[in-house]
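Novice: Put together the whole structure using the sequences plus the hints.
2 protein chains.
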Amino acid sequence: MTQNIIVQKYGGTSVGTTERIKAVAERIKDCTKNGFSVVVVVSAMGKTTDVLVDLAKELSSNPSKREMDMLLSTGEQVSIALLAIALHDTGIDAVSYTGSQIRMMTDGNFSNAKIANISTDRIISSLNENKVVIVAGFQGIDEDDNITTLGRGGSDTSAVALAAVLGTRDCEIYTDVDGVYTADPRMISAAKKLNEISYDEMLELARLGAGVLHSRSVEFAKNFKIRLHVRSSFSLENGTIVMPMEEMVEKYVVSGITMKQDEAKVTIRDIPDKPGISAKLFNALGSCNIYVNMIVQSTGHDNRASISFTVKKEDLAKTKELCTELNKDFGGSSVEAKENIAIVSAVGVGMLSHYGVAGKMFGVLSGQNINIEMISTSEIGISCVIDSMYAELAAKALHKSFIEEI
Amino acid sequence: MTQNIIVQKYGGTSVGTTERIKAVAERIKDCTKNGFSVVVVVSAMGKTTDVLVDLAKELSSNPSKREMDMLLSTGEQVSIALLAIALHDTGIDAVSYTGSQIRMMTDGNFSNAKIANISTDRIISSLNENKVVIVAGFQGIDEDDNITTLGRGGSDTSAVALAAVLGTRDCEIYTDVDGVYTADPRMISAAKKLNEISYDEMLELARLGAGVLHSRSVEFAKNFKIRLHVRSSFSLENGTIVMPMEEMVEKYVVSGITMKQDEAKVTIRDIPDKPGISAKLFNALGSCNIYVNMIVQSTGHDNRASISFTVKKEDLAKTKELCTELNKDFGGSSVEAKENIAIVSAVGVGMLSHYGVAGKMFGVLSGQNINIEMISTSEIGISCVIDSMYAELAAKALHKSFIEEI
Numbered sequence: 001m002t003q004n005i006i007v008q009k010y011g012g013t014s015v016g017t018t019e020r021i022k023a024v025a026e027r028i029k030d031c032t033k034n035g036f037s038v039v040v041v042v043s044a045m046g047k048t049t050d051v052l053v054d055l056a057k058e059l060s061s062n063p064s065k066r067e068m069d070m071l072l073s074t075g076e077q078v079s080i081a082l083l084a085i086a087l088h089d090t091g092i093d094a095v096s097y098t099g100s101q102i103r104m105m106t107d108g109n110f111s112n113a114k115i116a117n118i119s120t121d122r123i124i125s126s127l128n129e130n131k132v133v134i135v136a137g138f139q140g141i142d143e144d145d146n147i148t149t150l151g152r153g154g155s156d157t158s159a160v161a162l163a164a165v166l167g168t169r170d171c172e173i174y175t176d177v178d179g180v181y182t183a184d185p186r187m188i189s190a191a192k193k194l195n196e197i198s199y200d201e202m203l204e205l206a207r208l209g210a211g212v213l214h215s216r217s218v219e220f221a222k223n224f225k226i227r228l229h230v231r232s233s234f235s236l237e238n239g240t241i242v243m244p245m246e247e248m249v250e251k252y253v254v255s256g257i258t259m260k261q262d263e264a265k266v267t268i269r270d271i272p273d274k275p276g277i278s279a280k281l282f283n284a285l286g287s288c289n290i291y292v293n294m295i296v297q298s299t300g301h302d303n304r305a306s307i308s309f310t311v312k313k314e315d316l317a318k319t320k321e322l323c324t325e326l327n328k329d330f331g332g333s334s335v336e337a338k339e340n341i342a343i344v345s346a347v348g349v350g351m352l353s354h355y356g357v358a359g360k361m362f363g364v365l366s367g368q369n370i371n372i373e374m375i376s377t378s379e380i381g382i383s384c385v386i387d388s389m390y391a392e393l394a395a396k397a398l399h400k401s402f403i404e405e406i
Numbered sequence: 001m002t003q004n005i006i007v008q009k010y011g012g013t014s015v016g017t018t019e020r021i022k023a024v025a026e027r028i029k030d031c032t033k034n035g036f037s038v039v040v041v042v043s044a045m046g047k048t049t050d051v052l053v054d055l056a057k058e059l060s061s062n063p064s065k066r067e068m069d070m071l072l073s074t075g076e077q078v079s080i081a082l083l084a085i086a087l088h089d090t091g092i093d094a095v096s097y098t099g100s101q102i103r104m105m106t107d108g109n110f111s112n113a114k115i116a117n118i119s120t121d122r123i124i125s126s127l128n129e130n131k132v133v134i135v136a137g138f139q140g141i142d143e144d145d146n147i148t149t150l151g152r153g154g155s156d157t158s159a160v161a162l163a164a165v166l167g168t169r170d171c172e173i174y175t176d177v178d179g180v181y182t183a184d185p186r187m188i189s190a191a192k193k194l195n196e197i198s199y200d201e202m203l204e205l206a207r208l209g210a211g212v213l214h215s216r217s218v219e220f221a222k223n224f225k226i227r228l229h230v231r232s233s234f235s236l237e238n239g240t241i242v243m244p245m246e247e248m249v250e251k252y253v254v255s256g257i258t259m260k261q262d263e264a265k266v267t268i269r270d271i272p273d274k275p276g277i278s279a280k281l282f283n284a285l286g287s288c289n290i291y292v293n294m295i296v297q298s299t300g301h302d303n304r305a306s307i308s309f310t311v312k313k314e315d316l317a318k319t320k321e322l323c324t325e326l327n328k329d330f331g332g333s334s335v336e337a338k339e340n341i342a343i344v345s346a347v348g349v350g351m352l353s354h355y356g357v358a359g360k361m362f363g364v365l366s367g368q369n370i371n372i373e374m375i376s377t378s379e380i381g382i383s384c385v386i387d388s389m390y391a392e393l394a395a396k397a398l399h400k401s402f403i404e405e406i
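Just so you know, the sequences run in chain order S and X.
Per our numbering, the very first residue in the first sequence carries number 1; after that it's consecutive.
Per our numbering, the very first residue in the second sequence carries number 1; after that it's consecutive.
Worth flagging that the hints you see were computed from the coordinates, not collected in a lab.
Among these hints, one or two may not hold up.
The list treats identical chains as one, so a pair stands whether inside a single copy or across any two.
[Stated by the list, open to error] Result set (DSS-like, lysine-lysine): computed pairs, CA atoms no more than 30 angstroms apart in a straight line:
| no. | residue 1 | residue 2 |
| --- | --- | --- |
| 1 | K47 | K57 |
| 2 | K33 | K260 |
| 3 | K33 | K131 |
| 4 | K313 | K57 |
| 5 | K318 | K114 |
| 6 | K33 | K65 |
| 7 | K193 | K280 |
| 8 | K313 | K225 |
| 9 | K57 | K33 |
| 10 | K47 | K338 |
| 11 | K222 | K274 |
| 12 | K328 | K313 |
| 13 | K251 | K313 |
| 14 | K360 | K338 |
| 15 | K57 | K318 |
| 16 | K22 | K260 |
| 17 | K114 | K131 |
| 18 | K131 | K57 |
Computed from a predicted model, the values in this text were never measured in an experiment.
Specialist: Spelled out as structure tokens, the structure:
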């Protein structure tokens, strides 16, 4: 049977205290009164995970990933038990399950495992007994019954995966913000909540630093066409629905402006232009687990080219060292690093059909006398690297021009 | 293969901080250097369980036992992961397992489950890979894969059960005291550590309030003839070995003096002496989950008898109420309760072959002008109820006479 099943996920802040857990229980109760069979996925309470990580670090600078997963998965287990207890206290029957108990099978990649499949038998049978089913997010087991965790944002992925296997179309993601905004409202007070956004825009926003949802859960939702309703557990207002582009009613040329300040730029100048150098460089960075975001190669004079790219600030020292070493072979004139940069971006599916967004963007920035150091574009996004001192100014001007004045 | 396997159990205080966990790891490391294959059972860190219980109580006055087991079992899971991480950091290979992962099968009696069987496959295979195996104490799973817990002292029972199925004869129980004493050293400074004690004495001591080990683990050890070495994780000194009586080298007539002040006495006076009244009374108490310890019935005049018994102080109000109600039917003259009592006891296997212990005990008490309100005897123990104001005086006098002056 596929009754009216709804999957809800509550994040760490939403279950951060026993008071909050009671509020969540009341919300779930209301949902059952409206005739829904509810499957709930919860994260660890508030800062639990951080506390556990700190304990492990007191014991080892490089703790085993298997044991970290054993350790961290307890956080969600505490939450599911407490939420079940809170639901019982409101008179609602409920049962909690660990990842192991619902056979949330993953690969054996500890700390960043991928879901392989989920058994729905136990969930369905509990739903048929009119129980609310509470599942520990973030965790699974590998084929040897070892506990695994799904990496950052893993509970979102658990929820979406459950929605997929249960054949429901809707998954509510309760968090501490009330939806996806056109920009970070802490920085841009005119930022507006979006009612709808497409999977691809959401992925692009996530990549560019607007981190309401983690990419993997959005990819999962996209693959299974599950509508994600991102909303606040602190209010009854509707949030933002992440959905297939073709089903969207509202479509903006630009739906979001993001700003990212946690990256640094590295430039290797005047490399003799011969094939294979880029491959060597980025393979070397990749094999050191250094994540490269933007890459620009500019051809200069005398068949020499410069390569610029951005990496996370925390990887900068290692990156510079590696590039200096590689450059002995490449023969470039210098390796330069710049930390005080920002990446400002405009994202929107409308770009697919509207020309001129890039030109307008560059115009807005130059109108503020802001120099653009790197440019990169994707199908639905344009990003510019600028000096970090102009970051907020740039974001505000772009938001005004692309969103407020439309 | 049965190599030199040793099972060690570390209690909550022994793993109460990361510093303590490191010390435990060093101790285990030494043990492996001596050629042992080590299986370790750990409890939850320090006050973790209390903190979790408090969270649950904030949500419900009567939380579901299944969900409490789900909740509390996380405490041990945290400990096993941290201990594994600490062992790795000392260069020792180790792997942690939950109760579920080693198929520690129990009945479905949540919060007080009994172990049915344990699979040794995974443990043996990890030992054969030269890994220290770390098992979460206190927890198991029922046949539906629900997490269960074993009740108070459950980790001791987990350790003894593992020793039994692994066919080892020795199980070390590391705790925050350095062994079993002839009396509580906080009260009687002359109390001596025992090198050996029999299972039955240990059980009698546990019943009478000397709670180093919980009864069920001792019963388990007795059934499987496993020697329990109760010792401190804070020192390298030998502790006390709990062992079969017939293997003991040291045998004392009296090996321990205990004193218990958490019980209260109830007396129903002058009940007409007719059959079935005692049965009715104690069945009624039992069905209200009131645990009765000592019972004395005295025949008085006119075919009337008085019944006195002791119950836990926390059950006194309920007990008195129940007895007053029952007495309407029994026809006794009054129901009296006395809270300020103490039970002093002498325990020793030597009593089996030595007469006169009871006489000597009564003599010691009367020598101090202490009135005995109730007496009860078992094969290896004699207990007297006295006024609590004399409790310490009585215990000291008995210890002096039965232990120090031998």
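Novice: Now, for every hint given, state plainly whether the structure supports it.
Specialist: Verification of the supplied hints:
{"no.": "1", "hint": "K47 with K57", "in the structure": "both (16 angstroms within a copy, 21 angstroms between copies)"}
{"no.": "2", "hint": "K33 with K260", "in the structure": "neither (43 angstroms within a copy, 52 angstroms between copies)"}
{"no.": "3", "hint": "K33 with K131", "in the structure": "within (12 angstroms within a copy, 52 angstroms between copies)"}
{"no.": "4", "hint": "K313 with K57", "in the structure": "within (22 angstroms within a copy, 45 angstroms between copies)"}
{"no.": "5", "hint": "K318 with K114", "in the structure": "within (28 angstroms within a copy, 55 angstroms between copies)"}
{"no.": "6", "hint": "K33 with K65", "in the structure": "between (42 angstroms within a copy, 26 angstroms between copies)"}
{"no.": "7", "hint": "K193 with K280", "in the structure": "neither (43 angstroms within a copy, 70 angstroms between copies)"}
{"no.": "8", "hint": "K313 with K225", "in the structure": "neither (35 angstroms within a copy, 62 angstroms between copies)"}
{"no.": "9", "hint": "K57 with K33", "in the structure": "between (45 angstroms within a copy, 26 angstroms between copies)"}
{"no.": "10", "hint": "K47 with K338", "in the structure": "neither (33 angstroms within a copy, 49 angstroms between copies)"}
{"no.": "11", "hint": "K222 with K274", "in the structure": "neither (40 angstroms within a copy, 80 angstroms between copies)"}
{"no.": "12", "hint": "K328 with K313", "in the structure": "within (23 angstroms within a copy, 82 angstroms between copies)"}
{"no.": "13", "hint": "K251 with K313", "in the structure": "neither (34 angstroms within a copy, 71 angstroms between copies)"}
{"no.": "14", "hint": "K360 with K338", "in the structure": "within (27 angstroms within a copy, 90 angstroms between copies)"}
{"no.": "15", "hint": "K57 with K318", "in the structure": "within (22 angstroms within a copy, 50 angstroms between copies)"}
{"no.": "16", "hint": "K22 with K260", "in the structure": "neither (36 angstroms within a copy, 41 angstroms between copies)"}
{"no.": "17", "hint": "K114 with K131", "in the structure": "both (28 angstroms within a copy, 27 angstroms between copies)"}
{"no.": "18", "hint": "K131 with K57", "in the structure": "between (39 angstroms within a copy, 22 angstroms between copies)"}
Figure legend: structure checked against the earlier numbered hints; hints not met, in rising order: 2, 7, 8, 10, 11, 13 and 16.
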